[in-house]
Amino acid sequence: MDKTEKIASLGFGLGLRKEHYNAILEAKPEVDWFEILTENYLVPGGKPLYFLDQICERYPVVMHGVSMSLGSYDPLDMDYLKQVKELAKRTNAKWISDHMCFTGVDGINAHDLLPLPYTDEAIKHVSQKIAQAQDYLGMQILVENASTYITYKQSAMTEWGFTKAVAEESDSLVLLDINNIFVSAYNHGFDPLVYLDGIPSERVQQHHLAGHSQYDGYIIDTHDHDIVQGVWDLYVEAIKRYGQVSVMIERDDNIPELPELMTELQMARDVFAATTQQVAKAQHV
Amino acid sequence: MSKHKTEPSSELYRLQQNMMAWLVNKDSDAVKPDVVDTGEVSKVSIDQRLAVYGNAYGYRLIDALSENYPAVHTLLGDDDFYKMTYAYMDAYPSQHFSLRYFGHQLEHFLKKYHYNIPVLSEMAQFEWALRKGFDAEDEEALTLVALQEIAIEQWGELKFIFHPSVSRLDLEWNTPQLWTAIDEETEPMPPEKLEYPYAWLLWRKELLTYYRSLDVDEAWALDTAFQGGNFSELCEGVCEWIDAEHAPSRVAGFLSQWLQDDLLVGLG
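Same order as they appear, the protein sequences are chains R and X. The numbering of the first sequence is my numbering, which starts it at 1 and goes up by one. The numbering of the second sequence is my numbering, which starts it at 1 and goes up by one.
Hints listed in this document are in silico derivations from the structure and should not be mistaken for laboratory results. Note that the structure is a prediction, hence the values are computed from the model and not measured. Careful, some of the hints might be misleading.
[Said to hold, decoys possible] Partial selection, computed: residues in chain X whose CB lies under 7 Å from chain R:
(1) Asp34
(2) Arg60
(3) Gln95
(4) Ser98
(5) Leu99
(6) Phe134
(7) Asp138
(8) Leu207
By construction, the Cβ of each residue, glycine as well, lies at the ideal position given by its N, Cα and C atoms.
Let's have the full structure, built from the sequences with the hints guiding it.
Structure representation (structure tokens):
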């Protein structure tokens with residue numbers, strides 16, 4: 001793998017969803033970049049690739065996948081990686097990301113982001129697979145913190161300690177999902193600010209912002225609601241720690257019209273501007 | 001998924017097998033002892049926490065199957081579709097990285113599982129062919145000009161290469177009409193078994209998927225052309241339905257329609 005430097009912020013982006021294809025091409029909204037869901041475009045042809053090609057001509061694009069299964073005891077699916085690499089070339093993707101999880105084992109795919117134990121064995125295993133993927137893809141990848149609902153008794157460290165160790169061991173970058181930190185902090189009862197403090201700034205290349213669903217005693221990361229105030233507040237804390245990082249809104253269900261998401265994206269811009277202004281002011285005092 | 005036969009040496013592997021046993025076999029006995037009980041500080045039990053994953057596994061696969069088989073879903077209704085999907089995921093747990101291919105065995109599964117409602121498996125066959133049409137590989141369609149450039153004496157040997165989106169089905173039920181009624185949310189019509197199977201063609205032209213019924217001679221010509229039959233063989237074959245004198249113009253008529261529909265991408 002060629003050693004790459006952390007890429008400068010792309011600004012404020014949105015997840016590309018089929019519901020918005022026509023609106024994007026007709027209205028040319030002021031979105032700095034789009035994140036595409038990798039698997040949606042690993043098809044031979046037809047409508048998905050037709051629209052994707054046009055959007056890639058107009059906007060920078062990054063790829064976000066759910067199938068690398070970096071934590072699985074199974075080996076990497078090289079056929080999948082080959083298709084990912086071809087799509088990255090086709091879209092001129094700025095980077096590729098996936099999740100800190102396993103999605104199945106023994107050849108069965110659960111199609112979910114299943115939690116890993118935070119152990120030395122898992123650090124070694126995940127890091128080796130990330131390194132292998134990076135070698136094959138020829139670039140550093142970003143690994144995202146997933147929302148989790150259980151903790152294994154075997155875990156010998158915190159999630160953020162594990163994330164940091166894997167990033168350093170594999171020389172990969174981090175996609176820090178602010179909503180997922182909020183969700184997991186609530187579900188497991190840890191302090192999200194301590195989590196943020198535990199992730200080295202030089203590894204953080206992208207943020208996700210999203211909504212979730214609150215249940216009695218726990219939160220599920222559903223991506224089907226507006227971003228809640230607690231997540232905005234945590235984003236403020238992330239800006240204070242990591243500065244300007246590419247950030248995007250992830251909406252996967254109950255998808256509103258594009259203008260509604262543009263309003264939410266403007267909120268992200270406003271929060272960033274206000275926070276950086278506040279930080280600058282504090283530094284001058 | 002089978003349970004591990006020997007005790008794995010890796011703790012990571014063991015945990016992953018146990019978690020999958022919960023999701024796939026609904027057996028939480030193995031994974032439960034490995035999960036931290038937060039009962040004293042949080043009112044969320046281990047069972048509730050595991051249920052988040054267990055429920056998501058089922059819902060995600062139901063959604064995937066429903067997206068590819070909306071008319072099967074409508075015909076069955078929610079409750080029976082959910083039950084059927086759980087039975088299907090037991091029989092065919094997903095082994096592909098993409099949910100797009102999770103339903104690839106549904107037609108065969110429905111033949112056994114809902115053998116008493118045969119229109120269901122035929123609907124699954126029809127919807128899977130539509131799905132194939134939707135995202136099959138893009139290929140440049142053959143033009144009339146390209147065909148006209150072929151010297152007349154070479155036509156006899158001419159073979160035809162079809163677009164990857166093309167499917168040919170023989171259907172025993174009014175499945176396409178039923179699908180259309182469901183898709184357009186018009187007055188529901190009853191499934192009806194036909195006197196004899198009808199031939200259908202499904203394909204994509206540009207970005208839209210189409211289907212149409214076929215006369216028996218065109219269906220035969222298409223099937224023969226798919227298998228590498230040349231123009232002469234098609235002309236000889238259609239003589240079963242029309243006289244030899246009119247056979248070449250009948251086949252030329254098929255070709256003209258196939259070109260208009262963007263079915264052809266090359267000549268062999």
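**Request:** Find the hints from earlier in the document that the structure breaks and name them by number, from lowest to highest.
**Result:** Hints that this structure does not satisfy do not exist here, as all of them hold.
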